[in-house]
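Engineer: Each chain, written out:
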Amino acid sequence: MATVELTISALPAHVRTARLLATAVARRLGIGDPTLDEIRLAVGEACSRAVEAHRRSSPAEPIRLELIDHAGRYEVVVHDRVPSAADSGPAESGPGQDPIGDLLSPDVGLAVIMGLADRADIEPSADGTVVTMSWPTPARPESDAVGVPHRRSPQPVTPDS
Amino acid sequence: MDLKLDHYTEGDSEIVVVEGEIDVYTAPRLRELLIDLVNKGNFHLVVNMEKVEFLDSTGLGVLVGGLKRVRAHDARSTWSAPRSAS
Chain A
45 MATVELTISA
55 LPAHVRTARL
65 LATAVARRLG
75 IGDPTLDEIR
85 LAVGEACSRA
95 VEAHRRSSPA
105 EPIRLELIDH
115 AGRYEVVVHD
125 RVPSAADSGP
135 AESGPGQDPI
145 GDLLSPDVGL
155 AVIMGLADRA
165 DIEPSADGTV
175 VTMSWPTPAR
185 PESDAVGVPH
195 RRSPQPVTPD
205 S
Chain V
145 MDLKLDHYTE
155 GDSEIVVVEG
165 EIDVYTAPRL
175 RELLIDLVNK
185 GNFHLVVNME
195 KVEFLDSTGL
205 GVLVGGLKRV
215 RAHDARSTWS
225 APRSAS
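Chains A and V, in that order, give the protein sequences. In terms of the working numbering, the first sequence opens at residue 45 and continues consecutively. In terms of the working numbering, the second sequence opens at residue 145 and continues consecutively.
Hint data in this document are derived by calculation from the structure and do not stem from the laboratory. Treat the hints loosely; a few may be bogus.
Claimed, not checked - Cut-off 20 Å, straight-line C-alpha distance, at most; resulting in silico cross-link-like pairs (DMTMM-like, lysine to aspartate or glutamate):
| hint | chain 1 | residue 1 | chain 2 | residue 2 |
| --- | --- | --- | --- | --- |
| 1 | V | LYS195 | A | ASP81 |
| 2 | V | LYS195 | A | ASP77 |
| 3 | V | LYS212 | V | ASP180 |
| 4 | V | LYS195 | V | ASP146 |
Sequences and hints are given; from them, build the entire structure.
Structural biologist: As structure tokens, this is what we get:
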């Protein structure tokens with residue numbers, strides 16, 4: 045098992061970074077393009093949800109992602125530190141803001157995650173919410189696992205070389 | 145890639161050309177543009193999404209918000225050339 049970890053500040057700009065990294069690791073694991081699209085969107089939704097939750101109540105706290113290469117599965121875990129009781133509903137409209145709320149309910153993002161991930165689990169708690177998503181990875185040689193360096197085949201040595 | 149926005153008038157419609165990624169970071173710019181256009185009396189909006197490479201629920205919320213704004217004026221909004229979700 046190999047794990048890539050990423051910690052981001054609760055800023056919208058970093059969601060794209062998380063998306064790109066999660067997709068890059070998935071590609072490295074041999075996951076095909078249609079599933080890469082699902083991973084990109086699901087991870088983006090999970091991180092967007094976490095960022096919005098943090099911006100409402102814990103803007104200084106970081107969000108942590110784990111990108112895990114289990115045997116046969118690619119697992120993405122997004123940890124936020126917003127107690128579940130404080131994580132409900134879209135951002136409130138304040139003075140000067142447009143009365144038509146553009147933010148869909150966070151439930152829409154969670155529904156997207158549940159629909160896109162092969163397996164998904166959302167665990168709210170007093171310490172924050174953990175969103176776990178996973179997809180199957182294609183079978184590959186042991187030496188191709190993330191974190192295990194490739195071994196080159198010995199090259200024949202000729203008198204001219 | 146980042147988000148590029150452009151718009152022009154065609155007949156009685158305002159065409160909004162969107163290119164790139166619409167997510168939690170870039171969606172506020174699209175939201176501001178749609179609000180600005182509606183506030184200036186452009187109630188018939190066509191959002192050309194042919195070159196949109198990524199759209200998440202935040203972006204969808206902005207598009208729905210634009211639709212709600214023009215509907216408040218008994219007008220319409222059209223999303224043209226949407227691509228499959230990615």
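Engineer: Taking the hints in turn, state whether each one holds.
Structural biologist: Results of checking the hints against the structure:
1. Between V/LYS195 and A/ASP81 the CA atoms are separated by roughly 16 Å; this keeps the pair inside 20 Å, and the hint holds.
2. For the suggested pair V/LYS195 and A/ASP77, the alpha carbons sit about 18 Å apart, so the restraint of at most 20 Å is met.
3. For the suggested pair V/LYS212 and V/ASP180, the alpha carbons sit about 14 Å apart, so the restraint of at most 20 Å is met.
4. A distance of roughly 12 Å separates the Cα atoms of V/LYS195 and V/ASP146; the hinted pair therefore holds under the 20 Å criterion.
Every hint from the earlier list agrees with this structure, and none is contradicted.
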